[in-house]
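Asker: Work out the full structure: start from the sequences and follow the hints.
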Amino acid sequence: MDLLSIGRITGTLSTWWWLLLSLAFFLYIATDGTDLGAGIFALFSRDEEERGAIMASMAGMWDGNESWLVVAGGVLFGAFPLVYGSAFNYLMIPLAFALWGIISRAVAFEFHVHAKKSKSFWGWAFAVGSLFPTFFAGVALGAVLQGFPMKSGLAMQSALAAHGINVHDYTTPIMHFSGGVFAFLTPFSIWTGVGAVIAASLAGGLYLCARFIPGDPIHERARSWTNVVSLLALAAIVITLIWSYAIFPWASDKWTGSDWWVWLIWFVIVLFFAFKSSTNHAARRDFSAMMWGIGVVALLWTAMWATIFPYIVPNTWTIAQAANPADSIAVFTLFMTGFFPIMIMYNWYQIWVFRGRFSKKMAYGAH
Amino acid sequence: MFLHARFTTNHIFTEYCNVGIYFAGLWCSKNFLIHKIYIGVEVMVIENSLPILLSRLDFAWITSMHILWTPMTIGMSWLLFIMEVVWLRTGDERWYKINRFVEKIFLINFGAGVATGVTMEMAFGILYGPFSQAVGPFFGNILGFETITAFMYEAGFIGLMVFGWGKIGKGMHLFATFNVALASSLSAMWILVANSWMQTPDGIFLKDGLFQVKNWWHAIFNNNFQWGFPHMWVACVELALFALVGLSGFFILKNRNADLFTKLLKPTLLALIIVTPVQIYIGDSIGRVVAQTQPTSLAAMEGHYHTYLPDGKVNTGWHLIAIPNAKNDGNVFAITIPYVLSILETHTLNGKVPGMDSFPANDRPDVWVPFYSFRVMVAIGFFLFFIAIWGNWLRLRGKLNASELRKRPWFLRALVFSAFLPYLAIWCGWWTREVGRQPWVVNGLMRTYQGASHMPVAAEIFWWIGYIIFELTVWAGSWYFFTRVIKKGVDGIPDSSTLFEHDHTDDADIKAGGGHVTPTFASKPMLRSDR
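Sequences listed follow chains A and B, in order. The first sequence lines up with residues 1 to 367 when you count with the working numbering. The second sequence lines up with residues 368 to 898 when you count with the working numbering.
Hints are supplied without guarantee of correctness; some may be wrong.
As the list claims (entries may be wrong) - Covered stretches of chain A, as calculated for chain B (at least 3 residues, CB under 8 Å):
#1 58-68
#2 85-92
#3 159-172
#4 253-263
#5 320-328
Calculated directly from the structure, the hints in this document are not laboratory data. Note that the Cβ used here is the ideal one computed from N, Cα and C, for glycine as well.
Answerer: Shown next as structure tokens:
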């Protein structure tokens, strides 16, 4: 076999970008997950001062964190445009709601500072704007795991036909999304939405504990919040695994195949990380608790992508089918791979600069 | 370069025929221009049917509302960088104050830009999925470059730039400001590469339904990009300069910190006497590129329907005002100046300029939007040049000081008015560009209706109404808070000497995870009114 055949190189590079896509999504979940979770926590804040303090605690970082979502979108468009153009079409409604949440949240950060009379409005816009992207991103993830219908030809055929216009002479070999607007909506996708809210709530709780001074009202409330939500999160993981096992043959085949023991060991490691997170939390080593918690997310995320392989969208797009032509993927690799370590470095530097604990009063004043 | 474009397009056209897709190449010979689009009514452009019109409106709305914010970020970041350099070199506190004041407006603007920008990144796939798939090998790569090199880069440094005062060293802060400026300009460059390529799609071939890249150099530095990017970038700088001019005018008019803002006004007006005519020159250059590469777009911009007059002579008339008829094949009314069109486009008295009747009815864009938005943009360009001349003329006569300026309220009002005009000009320019390209999404190669996503009309309306609500909220909110910042003014901004004075009372044994940490966030100036 020719080791340097174009097909082989394309396959390798596409898989590489599939990994980087996974990394970008993971970094988004790991960094912005805590921000979003803190926003969900702020839904239950008793006063505007507390919401303002929570917002101030992430003021210098949230946009950098959120940018990982944009990077993931950019990688998807740059390396797998066939998936980008069909999956986003499929996810129109959940993405619209998630984006509206993101918009509300982004402007709330800027406006809450300047507002006087409308402070509570922007505080709520921040909190609800944190809940929506989390829930609908979860819905979108569940929907993608279920796959979607596709066909080739003119995508707008039916909408045009409904308006008396029939185009007969357009053909293309490209497969585009062909299902209904609500194709994404299933009990499973709603559940993954709920699951995402629970997971983010836990991350947000751990973050707030690490961010605020022990004894501060926010720290103490976040502590009891985390204790409750961690149990919910454990239950959510188990339910999601069982549900996925039941409805996704591509998952159950892998998990119970000849390599079943790898998955079992992996799951034990997940439980160990969760245990460490919880003991560190109990011992008030809040930063460690948060990092162990992020470790759980990393392990589960890796397991999910390993289960999906060689698909990007299960039963819909494989890496090979979805990859860009060799030339494009090579150029993308050449110019963009090097940016990943750089981006991680300055995202880290930014978080480092804005480290340090807050108290409610202090943060609100600084805000 | 242009000859090359001709060749490639013909080549692409053949490829299309091979895979059985029907496309009309603008530069292909007329024999190929057969349109088999079956419509019940007479001739109608499918792009103007409700489902496609709505998908266009959906995209046009979010794009128009996004470009309200980005030019300020791109242009103003360089001006902030310059002010910071001047402050650091001269130690003149006034530049620091102006910098910190303008930065507040910059930050609100940036937040609105991010809020509306994340949508843009996803909207190609949501609203124009089949387009995104087909152009993915080039266009997708470029958008990927944009998000990775520019968007993330910018977001990374903006936090440091805005919240890092007093927390990072002065040199590091200047570096952060510089990177914000560079990143946002890079971002603009990639976006203009992508959009210009849609106007003059060069360097690609069609295979398996995908526009694959044959020559990256030709695709990136396509004809339209060579002038399109400078035009947009200079527009951003011009907009930012006029924002400073407008702010200065307002403060001097209200007699608040009048001396400080007169100091700002001088170099700004001086920069504008260079920038405004340069922009007019660049605008003329991009106009000639459009004339050569997108003759239908040019015909629409000029409301030029008939190549020849009824007596067989070349139609050289340029319309000052025109009212196109409903069938889009002539003007109901027009004020026409003979010879001007030929002079503008061919630099000869009687040169032939192809009118709309040189092209099949299906290939003609709407005339209303390109015709009038083009004229408004040009008028604004010249008006802003006039303002720059006016201001510098006052300066030559030694009248550019606070007391003399306050005797000329109409000049100051004109400055404030001018701050709004670049926004309108940029809108109009983009509307001209995008509507003029219709019915193509990729000029001459892919029709807009072929690129639209699979979605019912109800979903399109849902999207549009949602974004009308959210984008208007962002817009109204931003304007409200701009006025709040302006009302507060520069007086509350503490001196730069307070930047590194940390409040050491509350950092006793407080540690974040792991490191040795002091809660520098709550340093004194931050606690006061400067947020």
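Asker: Next step is simple, just say for each hint if it's right about the structure.
Answerer: A quick look at each hint next to the structure:
Residues of the region 58-68 of chain A with a Cβ under 8 Å from some Cβ of chain B number 8, which satisfies the need for three, so the listed coverage holds. Residues of the region 85-92 of chain A with a Cβ under 8 Å from some Cβ of chain B number 7, which satisfies the need for three, so the listed coverage holds. Given a C-beta distance limit of less than 8 Å, the hint that chain B covers the region 159-172 of chain A holds, as 13 residues qualify and 3 suffice. For the region 253-263 of chain A, the assignment as covered by chain B is violated, since 0 residues bring a beta-carbon within under 8 Å of that chain's beta-carbons and 3 are needed.
As drawn, the region 320-328 of chain A meets chain B at 4 residues by the rule of a beta-carbon pair under 8 Å; at three or more, the given contact holds.
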